[in-house]
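Enquirer: Read top to bottom, the protein sequences are chains L and G.
Going by the numbering used here, the final residue of the first sequence carries number 555, and the count climbs one at a time with no gaps.
Going by the numbering used here, the final residue of the second sequence carries number 555, and the count climbs one at a time with no gaps.
Treat the hints with care, as some may be off.
It does not matter which identical chain is meant; a pair holds if it fits inside one copy or across any two.
To be verified - Restricting the straight-line Cα-Cα distance to at most 20 Å, the calculated cross-link-like pairs of lysine to aspartate or glutamate (EDC-like) are:
(1) Lys16 - Glu57
(2) Lys84 - Glu125
(3) Lys126 - Glu80
(4) Lys126 - Glu78
(5) Lys84 - Glu253
It is worth saying that the hints were derived from the structure and are not from the lab.
Protein chains: 2
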Amino acid sequence: MAKQKKQPRPRAETPKGFRDYFGAEVTQRAEMLRTIAGVYHRYGFEALETSAVETVEALGKFLPDVDRPNDGVFAWREDEDDGKGDWLALRYDLTAPLARVYAQYRNDLPTPYRRYAMGPVWRNEKPGPGRYRQFYQCDADTVGAASMAADAEICAMLADTLEEVGIPRGDYLIRVNNRKVLNGVMEVAGVLNPDDPSHMAQERGIVLRAIDKLDRLGPEGVRALLGEGRRDESGDFTQGAGLSDEQARIVMEFVNAKEKINSRMHSYWRAKGQPDIVHDNDPTATALRAGGVGRSSMGGVDHTPESSSEVLVHTLSYLNDIVGSSPIGNEGVDELKSIADLLGAQGYGPDRIVIDPSVVRGLGYYTGPVYEAELTFDIYDEKGRRRQFGSVAGGGRYDDLVKRFTGQAVPATGISIGVDRLLAALREKGRIKAVTHGPVVVTVMDRDRMADYLAMVAELRNAGIRAELYLGNPKNFGNQLKYADRRRSPAAVIEGGDEKARGVVQVKDLILGAQIAETATLEEWKERPSQFEVPRGELVARLREVLAAHGIGQD
Amino acid sequence: MAKQKKQPRPRAETPKGFRDYFGAEVTQRAEMLRTIAGVYHRYGFEALETSAVETVEALGKFLPDVDRPNDGVFAWREDEDDGKGDWLALRYDLTAPLARVYAQYRNDLPTPYRRYAMGPVWRNEKPGPGRYRQFYQCDADTVGAASMAADAEICAMLADTLEEVGIPRGDYLIRVNNRKVLNGVMEVAGVLNPDDPSHMAQERGIVLRAIDKLDRLGPEGVRALLGEGRRDESGDFTQGAGLSDEQARIVMEFVNAKEKINSRMHSYWRAKGQPDIVHDNDPTATALRAGGVGRSSMGGVDHTPESSSEVLVHTLSYLNDIVGSSPIGNEGVDELKSIADLLGAQGYGPDRIVIDPSVVRGLGYYTGPVYEAELTFDIYDEKGRRRQFGSVAGGGRYDDLVKRFTGQAVPATGISIGVDRLLAALREKGRIKAVTHGPVVVTVMDRDRMADYLAMVAELRNAGIRAELYLGNPKNFGNQLKYADRRRSPAAVIEGGDEKARGVVQVKDLILGAQIAETATLEEWKERPSQFEVPRGELVARLREVLAAHGIGQD
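With the rest of the complex left out, here is chain L (with noise of 0.2 Å):
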């Protein structure tokens, strides 16, 4: 037997993928989602709350990277005595829950049933560079509605929702597309077969997944996946789905469909005055963007401005003539067409929501229209490349989700918002302030009069200012300032026996302090000095001043 061993001391660190949130982080955060949830819930969406664990059976196998260890889930099996305890899991999204709380409610719940959830997920994948195992997701569905005026309405709420929290309209653009529509093509292509839907099953995944990938890798990129396959620059070689060349020549019709239709956007877009939509490997956007708004096209193919019901005509002529005979397709286009309509009349045009054929969607469990919400505003990393944000939101119908339980088909449709990223994209833009101010200090001078401390900070709170009490050791008056420092205190305040017996105290202006101390002349350091004595009844008053000049909100 090995040697008894002292046991090791613990690690102390966030388990690998995973990571806290400080402060402001968390805050900022929580004050997004009630944003959030104010719309839904105007919208008529009811709040719903399900615990992170599910038994894996009614979770199901969704996610795309199924070659994932555990298919991407955290799991564990139930302790029984008997040994056969339900497999458990944490949840990796809030839809595969709500398809289980409808199936067992069904009887109570209202049909249709609008519902938001909001929480974290989770997913058992290799962490990268800003991809945590953990994340937050903000979900809206509507649950027993087959009608597109559903999907419709989960547009435009999450139209309202982006402007709500801070993103002007002209910064973000709703694509939508419909899977009907892909399968439709892929029918003509034949590689999808409605009477045997295993048929080539492989290879349509393969071939959507190169479709979702036309932004990042251009044409050339996507005709390698559809037919051998495709070596990147690191020479990393990514198997294709080995389509006949008239196979791929018909589904690249189908992506070559979405440059004609970027194309008349770009048109009507600068006709309006709005942004254009700017994809970093498509030169002829980046050159009409370097050119200004208003001026006339570079290269591309250019069209006469049209009115947004114009472009719409022509995107859905070309998506009806590829998809040709399929039933299936043309009722996608048919549901694109009823989406658009009912958007149009209430004023979502196409510089808030566009028909856009490259939108895929990774998740197995999309049926219809599939939804999906990009910032279109240009973000700079340190080294001044432009960086794009990429999706923040993203969602579909799933009308067999909740069929899986009870046999019976219950039409859905949802959208699910990326918490995290878009808070990342408004701290890049300026548009949440990074860092926020401490609580005022007060400093400990006596250590026999806590009590007197104690009560003055009490009081400083009732009167609605945020403060503290410093409570580490108080012997080094240095200490205490730099605590302060630390904190980000906007004041300090200091009560020594001297001032106790003068019936005064003394404030620190530590903002006002800072900003002296790097630009002041001798002359503004005499005038406003960042240090004064008040007396002791006038605290309060004197600190909602010094926090006023700051433009310190009080609680």
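On the provided structure of chain L, position chain G as indicated by the hints.
Expert: Same frame as chain L, now just chain G:
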């Protein structure tokens, strides 16, 4: 080989011991968390959100029920190629992750570090009625402050928090004890040897659990558990600590101190005209309550009314006598005095916070002061029996938790609020509405005019009225009204072809309609019909009147 079977349908069930929360259950909890966060923030605490998942070694083993499988946590092993992945687990509280965070980021965090955290925690326990395996906690802790001022601050903040969420003063009581006092008593009784911590450690656990059950079992029950053990009404036997008569006598003297303190407290509260703390098994207190406030006691020891500081002096002197010459015991009594003094100076008297030697707290990591908040108002179950809510918050000082990671002692103290219990209490007392109204429902009379109806709903929402379009099958109009009922809608709007042609809409006041159906006379019904016609342009204004008449706030 067994025959290939068709995959059975998954069960639509919440996993055992978990539950779903709907509508107001979710939003009211969110509102309460927001209120609590507001108080914590005002006290200078900073938000922290750690992930739900921690390594098992970082969590440590501090749960009370050590005989549960997996030590009470949900755990699994990371998939790694070498089969040596970390063991991960869902956090069982928010304190263990805080200790990990402080150890991990100690060079970047201010010291002392005041932080709050809120979110679900998970316990792998046997579920029971009202006992779930996922529940919310809402914690505030101060790390790096050895001063009792940190503990006093936590207690004061807890009192403020309970009042801010809707528990009036007098309806709650925060009870404070100190583990060092308990250890002092055990040292005097010879159950604790400071030089050999492992000596009689198991017996000490039984003694602590016995004291913790004083309110439920009474002194006789505790005495039995100190000796051989106790058989309950059902016949189940709980093994005792096996203390000698003399050892048990010393512990019981301590237990009885609680009765003496209670008795003085009763006199104090009677003199103040405040309600007593009442326990079901305490005939004295019950009689006092039955006899009404201000009448003389019908049993037990009675005292001339004392001031709160006199009560405190007597309490501490009882405790001093019992811990005798134990250094650790005397330290504990001094700490209690210090907390009580600091609180008293801020006006937190024994009507809100009391010293109570029977408070133990189950978790293994406490080292000094321990706190517990209990609700003191009565709740009656459906059979008219009085029920106690018991503890809604608890905490204490845990000076060794960070040391596990770093080897260096870091003092820490904090509180955890059981938000779900608090919400249940407020609902049962009728202080939070259990049900709330739904949105206005716009009905569908003509399915070709969905776009018009969607525009109407958008108009209502833009006017701040929560509204939704009926998205089910519109064929049967009765179903649409049934849906509105189920949604608890205050009003429905109807616009058929005839109304459209005449430029009017019908408004159905569903709340008034329900009242009329139950109680109204024919005259009333004629005078104030629940359905009326309004010009289309006045729809928003008239709906606002209807909502205001029913006291329904707008968004």
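Enquirer: Decide, hint by hint, whether the structure agrees.
Expert: Now for the hints, and whether the structure bears them out:
When the C-alpha separation of Lys16 and Glu57 is checked against a cutoff of 20 Å, the pair qualifies only between copies, where the shortest distance is 14 Å, while the shortest distance within a copy is 26 Å. Taking CA atoms no more than 20 Å apart as the test, Lys84 paired with Glu125 passes between copies only; the shortest distance there is 17 Å, against 27 Å inside one copy. Proximity of Lys126 and Glu80 under a CA criterion of 20 Å is satisfied inter-copy only: 11 Å between copies versus 31 Å inside one chain copy. For the identical chains of this complex, Lys126 and Glu78 are inter-copy neighbours only, at 11 Å across copies versus 25 Å inside a copy, given an alpha-carbon limit of 20 Å.
Taking the closest pair of Cα atoms, Lys84 and Glu253 never come within 20 Å of each other, the shortest separation being 53 Å inside a single copy and 50 Å across copies.
Hint compliance for this structure: hint 5 is the single one not met.
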